[in-house]
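Novice: Sequence:
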Amino acid sequence: MTDEQQADLSQFFTVEPFGRAEIDSFGDRTHESLRARERFEELLGDYRRRVESGDGDALRLGVGLYLLGRFEEAIESLRKARKSGERFYYTARCLMALQRREEALEALSAAAGAGWDAVECDLLAATLHVHAGDEAKARKLLDKHARAGEERADWHYLRGLLAEYADDHDAALEAYKQALALDGRCAAAAFRAARLHDIRGEDEEAVALYRALAARPRTHVNALINLAVIYEDQGEFDQAAHCLQRVLAVEPEHARARLFLKDVQSSKEMVVDDTRAQQTESRDRLLQTPINEFELSVRARNCLKKMQIVTLGDLLKLTEAELLAYKNFGETSLNEIKALLAKKGLHLGQRPEDIDPETLAAAERPQRVSVPPESASALSKPVAELELSVRARRCLQRLNISTVGDLIQCSEAELLAARNFGQTSLNEIKTRLAELGLSLAPKQ
1 MTDEQQADLS
11 QFFTVEPFGR
21 AEIDSFGDRT
31 HESLRARERF
41 EELLGDYRRR
51 VESGDGDALR
61 LGVGLYLLGR
71 FEEAIESLRK
81 ARKSGERFYY
91 TARCLMALQR
101 REEALEALSA
111 AAGAGWDAVE
121 CDLLAATLHV
131 HAGDEAKARK
141 LLDKHARAGE
151 ERADWHYLRG
161 LLAEYADDHD
171 AALEAYKQAL
181 ALDGRCAAAA
191 FRAARLHDIR
201 GEDEEAVALY
211 RALAARPRTH
221 VNALINLAVI
231 YEDQGEFDQA
241 AHCLQRVLAV
251 EPEHARARLF
261 LKDVQSSKEM
271 VVDDTRAQQT
281 ESRDRLLQTP
291 INEFELSVRA
301 RNCLKKMQIV
311 TLGDLLKLTE
321 AELLAYKNFG
331 ETSLNEIKAL
341 LAKKGLHLGQ
351 RPEDIDPETL
361 AAAERPQRVS
371 VPPESASALS
381 KPVAELELSV
391 RARRCLQRLN
401 ISTVGDLIQC
411 SEAELLAARN
421 FGQTSLNEIK
431 TRLAELGLSL
441 APKQ
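All letters in the sequence shown, in the order written, are residues 1 to 444 by our numbering.
Don't read these hints as lab results, they were simulated from the structure.
Every residue gets a Cβ at the ideal spot worked out from N, C-alpha and C, and that includes glycine.
Be aware that a few hints might be false.
Quick list of the computed label-pair ranges, beta carbon to beta carbon [stated by the list, open to error]: (1) Gly45 x Asp24: 19 to 29 Å; (2) Ala255 x Gln350: 29 to 39 Å; (3) Ser10 x Glu52: 12 to 22 Å.
Using 30 Å as the maximum straight-line C-alpha spacing, the simulated DSS-like pairs for lysine-lysine come out as follows [stated by the list, open to error]: (4) Lys306 x Lys343; (5) Lys306 x Lys317; (6) Lys144 x Lys83; (7) Lys177 x Lys137; (8) Lys430 x Lys381; (9) Lys338 x Lys305; (10) Lys381 x Lys344.
Kindly produce the complete structure, drawing on both the sequences and the hints.
Specialist: As structure tokens, then:
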């Protein structure tokens, strides 16, 4: 952090006016980095000592504690501040965070009476009523501010919340999107919309909203945890761990995040172990492939038979010089074998551990699908260009399927047998292949 940035944070204690805009700005700056948060905590500690000695403002101290998420301490400090809209509003915010509903409602009423935005206070009170199951009170407050609310993000958010609690998810999403259109910083609407997309299995929409929340300076804990769940399900363990580590950076004792991080790390280790085992198994199968399964000339086949070369693994152990040293084995046969191996990405004298897993997948997958001539050019197309969902792409990566040609060698049953690969992903792939005039392999 630069000296200029540190000076910016220190202005929190002197800036005038000291209202909502200024407080939100300092809240963002405080959470721009871990170092910024630590610096603000240091400054706030110094300021607290000033307040305790009678030289400071209890309101600024209380708001500063609120920005750090130290809600109980913030409430105690705010109680000592002179009565104002700011004092009651931020007290209400702390009480809401602590889920002390009745006290929060009283503080919101006091804030409106002291000059804070009365519409905002009513709408916040309404959200408390919704979560408490008193939707009738919430709707009454929604209707009360219908005229002014049309241009307010928080009014549309409340409208969406009521629709969501009534299980009308389409109406809820429409309202949340309207809220975000009016105010892109409406974190509550973004989170609820992301959650609904998540529930509906619309991962791409959910991830986009969760990522937008995660990119904000102030950590949205629930958004990061939900995003971590999606990443873990998609096999992106490093991304999932990063989200959870961000949560623990601001809430070190967050039990769910700590437990989930351990699960993610264990899952990553298991996948790595499984992948290694699968690669070893695939390599062994490839090396055990009988030589007579490959298209070779009679001369080359007979020479290899006399040399007691039975499998592909036996052949790879030999060098060019060793083959040429054998009677009647010439350059023509050598070039034939080298060409055969080159098609599979292999070469003479190659060590088993140096064989590329992608090569194994291609070698294992026999050509069993007839391709129309007009579609043949699509076989080399990478599956990454098919515009598949994240879930479908990840499953194909785990199966070592990199091209359309690889993909059409698989049957529906083989794809559905893969981890996290469901009917939705299968239908998506079948649609993309149909657009190319292709289809999956028939069931064997």
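Novice: Sort out which numbered hints this structure fails and list those numbers smallest first.
Specialist: When the structure is compared with the hints, only number 2 turns out to be violated.
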